[in-house]
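Colleague: Sequence:
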Amino acid sequence: MSAGGEHLKDEGTRRQVVLAGGIAGLISRFCVAPLDVVKIRLQLQIHSLSDPVSHHNVSGPVYKGTLSTMKAILRQEGITGLWKGNIPAELMYVCYGIIQFTAYRTTTQALSQLDPYRLPPSMESFVAGAAAGGLATASTYPLDLLRTRFAAQGTERIYTSLLSSVKDIARNEGPAGFFRGCTAAVGQIIPYMGLFFATYESLRPPLSQFQDLPFGSGDAAAGVISSVLAKTAMFPLDLIRKRLQVQGPTRQLYIHRNIPEYRGVFNTMGLIVRTQGVKGLYRGLTVSLFKAAPASAVTMWTYETTLRRLQDMEVAAS
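Going by the UniProt record's numbering, 102 is the number at position 102 of the sequence shown; the sequence numbering is gapless.
Worth double-checking, as some hints may not be accurate.
Computed beta-carbon distance windows for the label pairs [claimed, not checked]: (1) 173 <-> 116: 44 to 52 angstroms; (2) 26 <-> 117: 36 to 44 angstroms; (3) 311 <-> 110: 19 to 27 angstroms; (4) 119 <-> 275: 40 to 48 angstroms; (5) 232 <-> 87: 27 to 35 angstroms; (6) 122 <-> 312: 24 to 32 angstroms; (7) 164 <-> 119: 44 to 52 angstroms; (8) 248 <-> 276: 20 to 28 angstroms.
As a list, the in silico SDA-like pairs of lysine to any residue whose alpha-carbon atoms are at most 20 angstroms apart [unchecked claim]: (9) 64 <-> 76; (10) 64 <-> 34; (11) 64 <-> 280; (12) 279 <-> 294; (13) 167 <-> 250; (14) 167 <-> 251; (15) 279 <-> 66; (16) 71 <-> 83; (17) 167 <-> 153; (18) 71 <-> 290; (19) 64 <-> 276; (20) 279 <-> 65; (21) 64 <-> 87; (22) 64 <-> 79; (23) 71 <-> 155.
If you're looking for bench data, these hints aren't it; they were derived computationally from the structure. Every residue, glycine too, gets a C-beta built ideally from N, C-alpha and C.
Construct the complete structure from the given sequences, taking the supplied hints into account.
Modeller: Printed below as a string of structure tokens:
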């Protein structure tokens, strides 16, 4: 991206955007996979000493904090435990990155043709980001659900492989089983990505003029700040999505045995608030922000760098 404030719509061919988006998603996911597993374990944990036994005859919380959760997973499941669900997650991130950046580029190009009724730049970014996020989320949602279920498994495996998990869900839960919690996911991602891109496009031009930023570049710094703000605002829906994703016949077989039965977004939100208070909607927020910041920095830096390299290669070849 140029430092002059132009949008993604003006930069890169469709092929370049697809390649840059896919590479950005692939690299970003691998880097933050351990934090993602920790986040999912904490989001699924029910904090109440009166709850049924959760795991290994432990009543109440199994994990206490980000570092202790990571240490517990390493001790009980080995280092590979921190990358559980990485195959469906990598597939999801690559597909998501391709769809997201392509849709964002296409939407902003379409919005730029609305003269004399063109929206303000920040509103264009919000609309394009929301549309791109909603489309990418709905398209890749089954992979997101599989990622969550694999990450929720402890030492006792429910699914032995990606193929077996697909067959098992299709057989026991039907096609709808792959879309448990999809309403919460789309309801979260549309405002999340709208806020993210609107903030990112506003911050990137001024930040690009500063040297020696803590995250290495204006693109990365803008991505971190935008991600933290948007993630905090929309986190309750992300937690609800995770709780709904592990519903079904395998609900009581995961690392947390005491996950309640939830039905629908509002029912889930109401039940969590009644039993755990408002703070129950923010379980795992700290590690989520630890994950979101580097993930967004790596994603946006990789995307921008890859796109520039692809453009330079094309110019050199012509």
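Colleague: For each hint, tell me whether it holds in the structure or not.
Modeller: Hints versus structure:
As the Cβ distance of residue 173 to residue 116 is approximately 51 angstroms, the hint placing it in 44 to 52 angstroms holds. The given range of 36 to 44 angstroms is respected by residue 26 and residue 117, whose C-beta atoms sit roughly 38 angstroms from each other. Roughly 22 angstroms separates the CB atoms of residue 311 and residue 110, a value that falls within the hinted 19 to 27 angstroms. Distance hint for residue 119 and residue 275: a CB-CB separation of about 42 angstroms, consistent with the stated range 40 to 48 angstroms.
At about 29 angstroms, the CB distance of residue 232 to residue 87 agrees with the hint of 27 to 35 angstroms. Between residue 122 and residue 312 the beta carbons are some 30 angstroms apart, a value that agrees with the proposed interval 24 to 32 angstroms. Between residue 164 and residue 119 the beta carbons are some 47 angstroms apart, a value that agrees with the proposed interval 44 to 52 angstroms. A hinted range of 20 to 28 angstroms for the beta carbons of residue 248 and residue 276 is consistent with their spacing of about 22 angstroms.
Distance hint between residue 64 and residue 76 is fulfilled; the C-alpha atoms sit about 15 angstroms from each other, no more than 20 angstroms. Restraint check for residue 64 and residue 34: the C-alpha separation of about 16 angstroms stays at or below 20 angstroms, so the hint holds. Proposed proximity of residue 64 and residue 280 is supported: the alpha carbons are some 14 angstroms apart, at most 20 angstroms. With a C-alpha separation of about 24 angstroms, the suggested pairing of residue 279 with residue 294 is violated against the 20 angstroms cut-off.
Pair hint residue 167 plus residue 250 holds up; C-alpha atoms about 14 angstroms apart against a cutoff of 20 angstroms. For the hint pairing residue 167 with residue 251, the CA-to-CA distance comes to about 17 angstroms; that is within 20 angstroms, so the pair holds. With a CA separation close to 17 angstroms, the supplied pair residue 279 and residue 66 stays within the 20 angstroms bound. Taken as a hint, the residue 71 and residue 83 pair is honoured in the structure, with Cα atoms around 14 angstroms apart against an allowance of 20 angstroms.
Only pairs whose Cα atoms come within 20 angstroms are accepted, and residue 167 paired with residue 153 is accepted, the gap being roughly 17 angstroms. Taking the CA atoms of residue 71 and residue 290, the gap is about 16 angstroms. The hint holds against a cut of 20 angstroms. As the CA atoms of residue 64 and residue 276 are separated by approximately 16 angstroms, the hinted pair is consistent with the 20 angstroms bound. Restraint check: the Cα-Cα separation between residue 279 and residue 65 comes to about 15 angstroms, which is no more than 20 angstroms; the hinted pair holds.
At roughly 27 angstroms between alpha-carbon atoms, residue 64 and residue 87 are farther apart than 20 angstroms, so this suggested pair is violated. Proximity of residue 64 to residue 79 is assessed by CA-CA distance (about 19 angstroms); at most 20 angstroms being required, the pair is judged to hold. A distance of roughly 15 angstroms separates the Cα atoms of residue 71 and residue 155; the hinted pair therefore holds under the 20 angstroms criterion.
Violated hints for the displayed structure, listed by number in ascending order: 12 and 21.
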